[in-house]
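Participant: Given these sequences and hints, build the entire structure.
Chains as they are written, first to last, in our numbering: chain B, 4 to 396; chain C, 842 to 1308; chain E, 361 to 467.
Just so you know, the hints here were simulated from the structure itself, not pulled from any lab data. For clarity, every value in this text was computed on a predicted model and none was experimentally measured. Hints may be right or wrong, so weigh each one.
[Said to hold, decoys possible] Computed spacing ranges between beta-carbons, pair by pair: (1) C:T1133 x B:D330: 44 to 52 Å; (2) B:H242 x C:S1087: 36 to 44 Å; (3) E:R412 x B:R243: 14 to 22 Å; (4) B:R243 x C:G1179: 50 to 58 Å; (5) B:P140 x C:P1304: 25 to 33 Å.
[What the hints assert, rightly or not] What the simulated footprint calls covered on chain C by chain B, stretch by stretch (three residues with Cβ under 8 Å from a Cβ of chain B suffice, anywhere in the stretch; the number is not a length): (6) 893 to 903; (7) 980 to 988; (8) 995 to 1008; (9) 1288 to 1299.
We put the CB at the ideal spot given by N, CA and C, even for glycine.
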Amino acid sequence: MSSAIVIGAGIVGAACARSLAKLGVVVTVIDRSAAASGTTAAGEGNLLVSDKAPGPELRMALHAAASWPRLTAELADELGPEFPHTEYEQKGGLVVATTVVGSEQLLKFAAGQRGAGVQADELSSADALRLEPDLNPAITAAVYYPQDSQIQPVIAAEALLASARRHGARIVQNATVTGPVLGQDGALVGVTANGETFRADAVVVAAGPWSGEVAQVLGVDLPVLPRRGVVLVTSRMRHRIFHKVYDADYVGAVGSDDAALQTSSVVESTASGTVLIGSSRQQVGFDASMRTEVMEQIAAKALRLFPFLADHQVMRAYGGFRPFMPDHLPLVGEDHRLRGLWHATGHEGAGIGLAPVTGNLIAAMMTGAEPEFDVAPYSPARESLAPYLRGVA
Amino acid sequence: MNQVLVIGAGPAGLAAARSARAAGAEVILLDASDSLGGQFWRHLPDNRPARKERLLHHGWSRFQALAAELTSDPGCEIIHGAHVWAIDASEHPIVHAVIGEPDGRNRRRMSFQPTAIVLATGAHDRTLPFPGWDLPGVFTAGAAQALAKGERLAVGQRVVVAGAGPFLLPVAQSLAATGSRVVAVMEANRAVPMLRGWLPRAWQLLPAASKGMELAGYLAGHLRHRIPYLLGRTVIAAHGATVVESVTTAKLDNDWVPIPGTEKIIAVDAVCVSHSFTPRLELALAVGCELTADRFVRVDRRQQTSIPGVFAAGELTGIGGVDLALAEGGLAGHYAAGASGTNPSLERKRAVFSGFAKRIEAAHGIRRGWPAWLSDSTIVCRCEEVSYGSLCSTARATASQSLRSLKLSTRAGLGICQGRVCGRTVEDLLAREAGIPNLTDGTTSDRRPIAVPIRIGELAAPPADQH
Amino acid sequence: MVARLLPFGEDPIRPAEPTPVTITVDGESLRGVAGQSIAGIILANERLGFRRTSAHDKPRGVFCGIGVCFDCLVVVDGIEDVRACQRRAKDGDAVTTQHHALPRGES
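Facilitator: Right, here's the structure in full:
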């Protein structure tokens, strides 16, 4: 493998580009718009293990949690002080339940995660309130996850791209892929975009919720669906929230297949003094209109966790589309239906955190090296995905 | 019966409310203030009337007539203290407001789903950054007007008014009528470019004679108060320790690049600067309206936007002053009420005064060379205190062409004003740094789904019954 | 004196006689006139700057005067983020200046 095309310059595409370029592969990244401006720009910056049940996604997340500190240090070294700070912070996550049933579910869930290698510390209410003095004292259970971390997603993506550039990658923006270039043997050896032909040994689709569209243009179907999420941003305030804090409903919402609106509370401060409030999940295609109903529910649930927020102002709301897979696992690996086509997508709400690990796995697989861990569960050929796939178009 | 919701009670909104009523619709008129008139007819509180209020305004008797008619009309419901914070776009849009004090808490929520909407949200000053513009004592020209008219407060005793456009003249007059000594009014554009903008086919200006009278009035005021009106000069820096104490002014070339060697320092205690206007587009964009290439709301001859049932009038569709706003508002209200037929008198006025508006832009528009007066340490985003130097170095480091990405990596435009003051400036500077005509991610700083901040407790409260 | 309220006796527009209003700003009593904004009262009492910025601790006061720049934020009766130029002063308003340092003092 001497050259590769990565379609999508969001954080996952950026991570793939960097990992490949560092191995000496000549990389061209193609994005139909500007880099780091799609789903990545709507991300909250969650690097979580707390919301994942034991399984392949959690395994990926544990590797990610271990590798982020080294990665941010490497990038800072490489790019120097001129480059904006990625704001990586291992602040830890506090999951709380507010009902009796909720607390049973949370504690059971945490026990299962502990068995899979997650640090999940059951706290008394008093201890939880010591960590978060402004938390609603009427909580029924609390679990602290010290491995949960925060980053500024756009800066992280731009840093990965800048690093990729330094290793020879070329980023082509505002170019929409219009078709495949097939070799003699029918393998994918490039793409056409903006009237130009780009050739490479392989093509990676890392276009987030638009991966289905891109795959179709290249000749295969991919059951990635957009799942809308909205975040409220408060005006700057005194620092009163010190960790990521979520209600235990978060896990249920992520794992749900329900297309209807699901909200669950996620609240945290940022380095600039604002507070981010999420989260919502809704399948509305790519409808980007802001709905007050969604904002109202997010606000109401946030007040259950932190009543003091009632008198603070929302100054901004933004939304994005997560790439949702019907079997709830990221899609990382070669497409068994079209040689030369690889996928790095489908991370739902975990794409920011899982991007670097994904990049490393893709780069290893594509260059014939040993991936850090078993990649079969993420393969497009996995059994759970079969019912949703058709063949080559 | 058709129900027309008018948002904004300045000249355009008042005219729209009146003509919608005349066409037989029920009208609800929303305004954030506790007084009618918008910015143009801002006046002392209604419970403290002034016998000669008209001295401070143009067309005061017209305002009084409009206000009297609407307040005594049971078919026109006026809701003061109405802060529209969101609109749910759909076939039949829903307008959401909180009613109460500006930035209050626990305010009552109301939502409206009228037959038609008239957006008359106006515009605000656009002030380009310059070194020291973040010092207390540096104001927009609009601030000087608002304080002079709204509370008879002069922002300073020794004031320079600078920037571009005919608006500077009434500002100077208001200041003088409020006890300030206006040291000078400085128009950045030089005489020749201004005349080139004003004069082509000058006979077309004749029907706008009333405008001429208005201008003559301001100039006469100038002569009376002995206020120098300087062309081709502007403030390029403000100086002071904790408040402004002096400014540096300089002559500009036709592109607004300061000419070396022409600097003068003037001692002042207040500076009022406006270079242009930015229309207040949030609600129009929230409901889905398309914009023109100049980034105003696009309307057809009936003042209808690209969204059926949504109309726009006044500065929102182009900066044209009060006469244009009244004409557009009158037409918007008429058609929003579902009336048909033409309205030749208003259409004629609209044609005349929109021609006028185009000349203002041609004569007084912002010219390309202004960043020459910036230094690396000049604050460009006031809220987040982002300097010109750091804006450019981050843009270079990331090589980004995306406004969304650059906002997040520089923080410019992410503060509480959400880019109202710096947005268009930041877009311009970032595009120049990237060497492209426009940033390419398709977003702009104009879009704000939360149109005005709302308390989380208010947002979380169950919505009131629909009005 | 910099910013100055034009005394009603000298005012060419002949306004009705004003009613005095008193507010406190950071504990200090400031006098104004009913109908004035909180910002107007503060300016007329010789304070052009009444907020400190978060990153660089610089003074700010009124800039746009019409509620779009959010420079003039004050705390009124314990509620933050009140635009002083938009809020009419009520007798007895307890105003404090607003300043939020960034978390952990980062800039």
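Participant: Look at each hint and say if it fits the structure.
Facilitator: Okay, the hints, checked on the actual structure:
1. For the pair T1133 (chain C) and D330 (chain B), the beta carbons lie near 47 Å from each other, so the given range of 44 to 52 Å is met.
2. For H242 (chain B) and S1087 (chain C), the hinted distance range of 36 to 44 Å is satisfied, since their beta carbons lie about 38 Å from each other.
3. Evaluation of the 14 to 22 Å hint for R412 (chain E) and R243 (chain B) yields a pass: the beta carbon distance comes to about 19 Å.
4. Against the hinted window of 50 to 58 Å, the Cβ-Cβ separation of R243 (chain B) and G1179 (chain C) comes to about 52 Å, which satisfies the hint.
5. P140 (chain B) and P1304 (chain C) have their C-beta atoms about 29 Å apart, which keeps the hinted 25 to 33 Å range intact.
6. Coverage of a stretch by a chain is defined here by at least three residues with a beta carbon nearer than 8 Å to that chain's beta carbons; for the segment 893 to 903 of chain C and chain B the count is 0, and the condition is violated.
7. Three residues within the 8 Å Cβ limit are the bar, and the segment 980 to 988 of chain C against chain B gives 0, so the coverage statement is violated.
8. Judged by the Cβ-Cβ criterion of 8 Å, the segment 995 to 1008 of chain C is not covered by chain B as claimed, because only 0 of its residues qualify and three are needed.
9. Requiring three or more residues with a Cβ within less than 8 Å of a Cβ of chain B, the coverage given for the segment 1288 to 1299 of chain C holds, as 8 such residues are present.
When held up to the earlier numbered hints, the structure conflicts with 6, 7, 8 and fits the remainder.
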